[in-house]
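These protein sequence lines are chains R, G, B and F, in that order. Per full-length UniProt numbering, the first sequence starts with residue 1, numbered consecutively. Per full-length UniProt numbering, the second sequence starts with residue 1, numbered consecutively. Per full-length UniProt numbering, the third sequence starts with residue 1, numbered consecutively. Per full-length UniProt numbering, the fourth sequence starts with residue 1, numbered consecutively.
Source of the hints: derived by calculation from the structure; they are not laboratory data. Watch out, some of these pointers could steer you wrong.
No copy is singled out in the list; a pair is fine if it fits within one copy or between any two copies.
List of simulated lysine to any residue pairs, SDA-like, C-alpha gap at most 20 Å [claimed, not checked]:
hint: 1; residue 1: 188; residue 2: 170
hint: 2; residue 1: 188; residue 2: 143
hint: 3; residue 1: 161; residue 2: 78
hint: 4; residue 1: 188; residue 2: 169
hint: 5; residue 1: 115; residue 2: 206
hint: 6; residue 1: 188; residue 2: 65
hint: 7; residue 1: 188; residue 2: 172
hint: 8; residue 1: 115; residue 2: 77
hint: 9; residue 1: 188; residue 2: 128
hint: 10; residue 1: 188; residue 2: 171
hint: 11; residue 1: 67; residue 2: 30
hint: 12; residue 1: 115; residue 2: 80
If you're wondering where the values come from, they're calculated on a predicted model, not measured in any experiment.
Number of protein chains: 4
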Amino acid sequence: MSEIETIQAYYAASLGKDGQITKTQRKILSAALALFAEKSYEEVGTREIADRAGVAEGTLFHNFTNKNGILKAIMQPIVQNILPAMLNDLDEAVLASKTQTLNAFVVALVTDRVKFVAQNRASLEVILSQFFNNAADRAAVLGMVSPSALQQAEVVMDRLKATGELVDWPNTMILQLLFSTLGGYLVKRVLYTETAPTDDETMIRYLSDFLVNGLSPRRMPLLLE
Amino acid sequence: MSEIETIQAYYAASLGKDGQITKTQRKILSAALALFAEKSYEEVGTREIADRAGVAEGTLFHNFTNKNGILKAIMQPIVQNILPAMLNDLDEAVLASKTQTLNAFVVALVTDRVKFVAQNRASLEVILSQFFNNAADRAAVLGMVSPSALQQAEVVMDRLKATGELVDWPNTMILQLLFSTLGGYLVKRVLYTETAPTDDETMIRYLSDFLVNGLSPRRMPLLLE
Amino acid sequence: MSEIETIQAYYAASLGKDGQITKTQRKILSAALALFAEKSYEEVGTREIADRAGVAEGTLFHNFTNKNGILKAIMQPIVQNILPAMLNDLDEAVLASKTQTLNAFVVALVTDRVKFVAQNRASLEVILSQFFNNAADRAAVLGMVSPSALQQAEVVMDRLKATGELVDWPNTMILQLLFSTLGGYLVKRVLYTETAPTDDETMIRYLSDFLVNGLSPRRMPLLLE
Amino acid sequence: MSEIETIQAYYAASLGKDGQITKTQRKILSAALALFAEKSYEEVGTREIADRAGVAEGTLFHNFTNKNGILKAIMQPIVQNILPAMLNDLDEAVLASKTQTLNAFVVALVTDRVKFVAQNRASLEVILSQFFNNAADRAAVLGMVSPSALQQAEVVMDRLKATGELVDWPNTMILQLLFSTLGGYLVKRVLYTETAPTDDETMIRYLSDFLVNGLSPRRMPLLLE
DNA sequence: TATGAATGAGATTTCATTCAT
DNA sequence: GATGAATGAAATCTCATTCAT
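Make a model of the complete structure from these sequences and hints.
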């Protein structure tokens, strides 16, 4: 499945000239991430971030252009990889075997995403919050998604429809339902931290069953109604 | 409970002694609603609200205790009606006909909620934003939901399980999936205003089919796999 | 001569909806003017202005959009009137009598400008400073001068040349020399406050004599060289 | 005439124990000079200077005590030589020929200063800006002028008055008018860079004529009025 | 009841300067 | 000598709220 395990791995790509994230930057991002998850972005002050990070307030601006730059450094890498990673999984799952069923694919996808959520809870909370915050920020988040990823999604869905594995609904509709179900889990998991991680195994089963049933073409409709 | 009392206190403060909302209050709430939807709550200033409402800044504080009081006055009535209304639909649909199928129930529920979303787009955008904004506001929103409503939901779900109409999964899981699917629609509809309202008819069909399929016990599993 | 006596008279035009300058605004402008003259614009802080004005720092921004807005409110009215007023004097002086000489005109002009400088020393110091501060500010100052005023100047100079009162040099050159001589006085008077105002009478004589001699066509050149 | 050709020649005097200016110092001063002319001293940051110079910010402080030290290194040499050089020219011109006329002197002086301005435009822009910027800097600039130079000026003017070449006005007045006329040219030339250098020949003629006429004792006043 | 000027604490950001490498 | 990350004081500006009219 996807290689993405933690966001930390992506900081390096967006910071530092040589791809290295400095110790100071890590301290700042770590402190900011914790605070943004505790309160909201707007409620967290730069002074507070600096204090928690154990650096001077000015150091924030030496390492990031803005308070907003800190937010972006947290969000960008993970946002830029959510959809591509999903599509990658999807592709791998579908192409992996000749006798591929929707069931196998959905299980693979759900499993991967559930793990991803578990590993990046705090960052996802920040991103979720920003996404609903206002139109401008939402556009920014969506702007991080590459259009090519969506085209790729279309291809895969069309392939599954052709094999009779997937209902013949508009792709946007199918994507909406997929995102809804996964998003619903995301929201529950992210906002209610008390949920035990051990429940994940069962959760994956329910989500997969629900999706497979919901998105399979109805079989033998004559008998059922 | 305690939160509810606090919110009710804000609501009372914003209404006249006879439970009537004054013309000035309506102007303020209307202006604030529009602005909170455009930007975020934190990004909107009291000066801005007053300007758009055509009143003086001080007038805001004569009619509402706080800037936050304005927000609560917008959110409270609608939040307090989402779940009760859903449960009411559910009850009506199930009890209304002898041949109570899951299908009939889901269609009724989805239809009603889709209309509700269409009618309250702006308010729901604000609520959505606040819900994800920070833990305190989220708790406030959830606190507006009466626990008795949830108990009522359990009863209905158990009844449907008993008739073999509904999968035998934990009720919290079923609720999560219901909310996810409806919530996914809500998010799409609320955030992308360009969606034509006429698409709603088709949308209701897709959502209903997906939910009914997803939540029905698997029929003839032996034949299918 | 010109009606302009003090800058204060022009504040009203640019401030207040009904053309009235409030007491608070006067306090702020007065404090800022004094400080800008003592130090430079950049060296004066808003805290300092507020303290000297005896108001809260926030009050500055309630009355002016910017720290820069305060500067503009000081500069604009006086800058917008320097050249028009000069040209008006010039016109009046020339047209006043049939037997008009360059001498009479220059004396009138110099007298008026010398008085103007004496009355608006502090404001002119601020304007002088800003003018030389940087290219952007300089452009802003020059942008306040209406182009029509310059056209008017051309007409008057051409008239004087036709009557043989003025040397037949390019108008821009003549303006440069006029501004130089008056500007030199301005600089001396503005920067060295110790100069007694009573010296002005003598000063006017010297400046006038110098300008009239310098700008008159040479008479009887054959005899002199 | 004066030996001063470019400011660069003076850097050596204020820098380096052995009178040598290092390559790094030259880069810094050159970058700072350009920036101070573009914006104002206060608006230019040390980071910006370092970037333009292609050195690290810390390097600035290894080579100069202060940000202000950089400014001084630019201004000092040229300021310290403006007046002495003028007086020197004056002396040379007057003493050079037996038939010393005011005309010869003025032409020599104006020619030299006009060339000087053309050669040091950028530095003079900075000095001009600082001179008007605030009282402290102004005092510093004026403090760079040696009192002995002024005494020397007095001697020359008295000599010219004695020969009837110069109006019998106070020397400070005559100096003011001289500085005004040259200063007016300086300002125009420095601030409006688009002026073609080839115009200088004509400019010298106008300035000289104006000054000679303006500062010559009136001839045959009875005939003229 | 409505007003809107005044408030002042707090927010973000800039910047010259230091210092360990 | 050169570096550049770190500093923290100070700057400008915002904003919900109060209160005299």
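query: For residue 188 vs residue 172, is the C-alpha pair at or below 20 Å within one copy, between two copies, both, or neither?
result: Between. Shortest inter-copy distance 11 Å satisfies the 20 Å Cα cut-off; intra-copy 24 Å does not.
- prompt: Within a copy, between copies, both or neither: where do residue 188 and residue 65 come within 20 Å Cα-Cα?
  reply: neither (34 Å within a copy, 33 Å between copies)
message: My question is about residue 188 and residue 171: at a cut-off of 20 Å on alpha-carbon distance, are they close within one copy, between copies, both, or neither?
response: between (26 Å within a copy, 14 Å between copies)
- prompt: For residue 115 vs residue 206, is the C-alpha pair at or below 20 Å within one copy, between two copies, both, or neither?
  reply: Within one copy, since 15 Å is at most 20 Å while 29 Å is not.
- request: Evaluate residue 188 and residue 143 at a C-alpha cut-off of 20 Å and name the case that applies: within, between, both or neither.
  value: between (25 Å within a copy, 16 Å between copies)
Intra- versus inter-subunit Cα pairing at 20 Å for residue 67 with residue 30: Within. Shortest intra-copy distance 14 Å satisfies the 20 Å Cα cut-off; inter-copy 32 Å does not.
Up to 20 Å CA-CA - residue 77 versus residue 115, copy category: Within. Shortest intra-copy distance 17 Å satisfies the 20 Å Cα cut-off; inter-copy 37 Å does not.
- prompt: Which holds for residue 161 with residue 78 at a C-alpha limit of 20 Å: within a copy, between copies, both or neither?
  reply: neither (30 Å within a copy, 40 Å between copies)
- prompt: At most 20 Å between C-alpha atoms: does residue 188 with residue 128 qualify within a copy, between copies, both, or neither?
  reply: both (12 Å within a copy, 14 Å between copies)
- prompt: For the identical chains here, do residue 115 and residue 80 meet the 20 Å Cα criterion within one copy, between copies, both, or neither?
  reply: within (17 Å within a copy, 34 Å between copies)
field: Identical-chain pair category, residue 188 with residue 169, by Cα at 20 Å
entry: between (27 Å within a copy, 17 Å between copies)
task: At 20 Å max between alpha carbons, let me know whether residue 188 reaches residue 170 within a copy, between copies, both or neither.
output: So residue 188 and residue 170 pass the 20 Å test across copies only (15 Å; inside, 27 Å).
Hints 3 and 6 from the list above are not met by this structure, while the remaining hints are.
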